[in-house]
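Once you've looked at the hints, dock chain P against the given chain C.
2 protein chains.
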Amino acid sequence: MRMRAMQPLSKPSQRVWWLTLLLILPLALQAAEPLPSWKDGPSRQAIVGFVTSVIQQGGKDFIAPAERIAVFDNDGTLWSEQPLYFEVLFALDEVRRMAPQHPEWQEKQPFKAVLENDRKALAAAGEKGLMQIVGATHTGLTTEQFHANAQRWLAKSVHPRSHKPYTEMVFQPMLELLGYLRDNGFKTYIVSGGEVAFMRAFAEEVYGIPPEQVIGTTFASQFQNKDGTFSILRQARLAHNDDGPGKPESIESIIGRRPVFAFGNSDGDLQMLQWTMAGKGLRLAGLVHHTDGQREWAYDRKSNIGRLDKALDQATSNKWVVVDMAEEWTRVYPGDPDPSHP
Amino acid sequence: MRMRAMQPLSKPSQRVWWLTLLLILPLALQAAEPLPSWKDGPSRQAIVGFVTSVIQQGGKDFIAPAERIAVFDNDGTLWSEQPLYFEVLFALDEVRRMAPQHPEWQEKQPFKAVLENDRKALAAAGEKGLMQIVGATHTGLTTEQFHANAQRWLAKSVHPRSHKPYTEMVFQPMLELLGYLRDNGFKTYIVSGGEVAFMRAFAEEVYGIPPEQVIGTTFASQFQNKDGTFSILRQARLAHNDDGPGKPESIESIIGRRPVFAFGNSDGDLQMLQWTMAGKGLRLAGLVHHTDGQREWAYDRKSNIGRLDKALDQATSNKWVVVDMAEEWTRVYPGDPDPSHP
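Protein chains in written order, with this note's numbering: chain C, 3 to 344; chain P, 3 to 344.
No lab work stands behind these hints, which were simulated from the structure alone.
Note that the coordinates shown come from a computational prediction; the quantities given were computed from them, not determined experimentally.
Note that the Cβ used here is the ideal one computed from N, Cα and C, for glycine as well.
One or more of the hints may lead you astray.
[To be verified] If you want a taste of the chain P side facing chain C, the calculated C-beta under 8 Å gives, among others:
| id | residue |
| --- | --- |
| 1 | T145 |
| 2 | F232 |
| 3 | P250 |
| 4 | E251 |
[Claimed, not checked] Selected chain P positions facing chain C (in silico; Cβ < 8 Å):
| id | residue |
| --- | --- |
| 5 | A68 |
| 6 | V198 |
| 7 | P212 |
| 8 | P213 |
| 9 | E214 |
| 10 | V216 |
| 11 | T220 |
| 12 | I234 |
| 13 | P247 |
| 14 | S255 |
| 15 | I256 |
| 16 | I257 |
| 17 | G258 |
| 18 | R259 |
| 19 | W277 |
Isolated chain C, as found in the complex:
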């Protein structure tokens, strides 16, 4: 099959068409620029420089597509995590929802504190109390029941300060980063301290990350056969705590490859970043630094949630990417006004 030979440009109308194209072209190229919500600062330059280098076939930093594994923490890295991890807010709401079926909770801590909104008693219950609340709301039910509970809560709940649905408190610049990496042949994974099934309830729709690329904390589970009806019961025993050293451990056990790109925001991500950077060849480690008390929250070394202290020192001395959220992001959330289209 041969194409008809192109006619020479002759008619005036065609000349106008070409002129228009020449005028539009720079605008079209601008629109296709990656990471539009990132200012042209050091973080954006490092990310684009890294990706440009590793996809260049025959270049000294080329990484084969199969090895382009990118891992992201979730809480504080892909969405906000204040005033408490959103999954904890889910667990507290679930205690309230489930209370009618648990009359004993009216007199039993830490559930009593949740139902009476008694912050002092809740704080006194500490981490042990929190684990009881997570256990009561996350285990003792089938995987399908839990998935439905998480999706119902995500669909109808709003954040106490912003009044936005939680799934709209994801970071627009990070959504763009996930897409940019995937457009360049990277496989994007979540590797998070959050519980894996809770994250799967929204990760595909919100981040474009399918369930099999979500890694997190897991409870033990038990396959059940009740007269030919099969289910998987979530048990009140941690199988894996996907925080700190647990992150490189789960990456090795589940992915079986060392990532070449890793992003986190707290000391719980340090080992994942170290493991990523200790491999051979060009790699990138980054931290989201929460510097934006206006549009989000400002916290680092002294925060109880998402403490960033040792990892910030490591990032500084190793020249990892540290994203200054206030300085480098033109938008934080997808619903924020887009300054490039005022």
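Just chain P now, with coordinates in the frame of chain C:
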């Protein structure tokens, strides 16, 4: 752009070209037939019928590509498993290789039995002895060291009866099945009682299954930082036993989707097949039935390795696919003569 209109067939040379094409076409189609080492029997018909139905866009049995998850047991399903699981043969060889560094093994069971090739003492050591041998050869070393050990053994060892490398004792018809499914948009996974890192040492090269799609039994591991040198140490504690009910449990925890296609060969695969078939819509469960004492091994209900008893009853009553290896496969191993090209 428009294509030049096709010229009417007029010259004699063109007529001959068309005639040749018409003659060649059936041969070309035949060459492209899937599963060439499968006879046109009930198993092949069921597999091709299933795939044809679920990929038909708009058809009542259509399955979206993202949900086309296919899971395969490894030992006895993708490669042979007699006279012992090949990974056990690896562990025994590793004891022999490591013996000079362990003089105490000369007098210590079950290692003494391995070094003296004392089958009676080895049998007496039982499952506990076997776990000691697996522990001594699979743990207490880094993930990178273990990977190197497994690859070295696979590269230089041969099977005691066939004298073939183990990686040539994979089933040619199953290699074709894996490829056929992938060609039709399925994601192929191994879900096996074998240890995950051992299988990853050959799964990508031999089966085309990348490390992140290999699920298996796992040992606990520990991230280590020795003065800035990072490693992951394999520990002598089982984290997950990927057999029986452990298979649907790991599928749920790692893949997070229910498979639509599952293949096994023993009672250890029963729960994986049940979990697969209990989902909604069209699904396929299959068993490799080792009926071929000539080309492979013949065993089922009374075998210590790969016992197929309850799962065979379930397959029969539920009309799952049961592959009669002797009857339905024209070749067993890739090195076998190809009867379609005598």
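(message) Checking hints one by one. Is P:V198 an interface residue toward chain C, by the C-beta closer than 8 Å rule?
(response) At 7 Å from the nearest chain C Cβ, P:V198 passes the 8 Å test, so the hint holds.
(message) Using the nearest Cβ pair, does P:P212 come within less than 8 Å of chain C?
(response) holds (6 Å)
(request) So, P:F232 near chain C? Judge it on the closest CB pair being under 8 Å. (result) holds (5 Å)
(request) Please verify that hint: P:V216, Cβ, nearest Cβ of chain C, below 8 Å or not. (result) holds (7 Å)
(message) P:S255 was flagged as interface toward chain C. Is the shortest Cβ-Cβ separation under 8 Å?
(response) holds (5 Å)
(request) Report holds or violated for the interface hint on P:T145, using the least CB-CB distance to chain C and a cut-off of 8 Å. (result) Holds: closest Cβ of chain C sits about 6 Å from P:T145, inside 8 Å.
(message) Just to be careful: measuring from the Cβ of P:I234 to every Cβ in chain C, is the smallest value less than 8 Å?
(response) holds (5 Å)
(request) Using 8 Å as the Cβ threshold, decide whether P:P213 counts as touching chain C. (result) holds (3 Å)
(request) Using Cβ atoms only, decide whether P:P247 comes closer than 8 Å to chain C, and label the hint accordingly. (result) holds (4 Å)
(request) Using 8 Å as the Cβ threshold, decide whether P:E214 counts as touching chain C. (result) Given a least distance of 5 Å, the restraint on P:E214 holds.
(message) Does P:A68 hold up as a contact with chain C if the rule is Cβ-Cβ below 8 Å?
(response) holds (6 Å)
(message) Take the shortest C-beta to C-beta distance between P:G258 and chain C; is it under 8 Å?
(response) Hint on P:G258: holds, closest Cβ of chain C at ~3 Å, below 8 Å.
Consistency note: the structure conflicts with none of the earlier hints.
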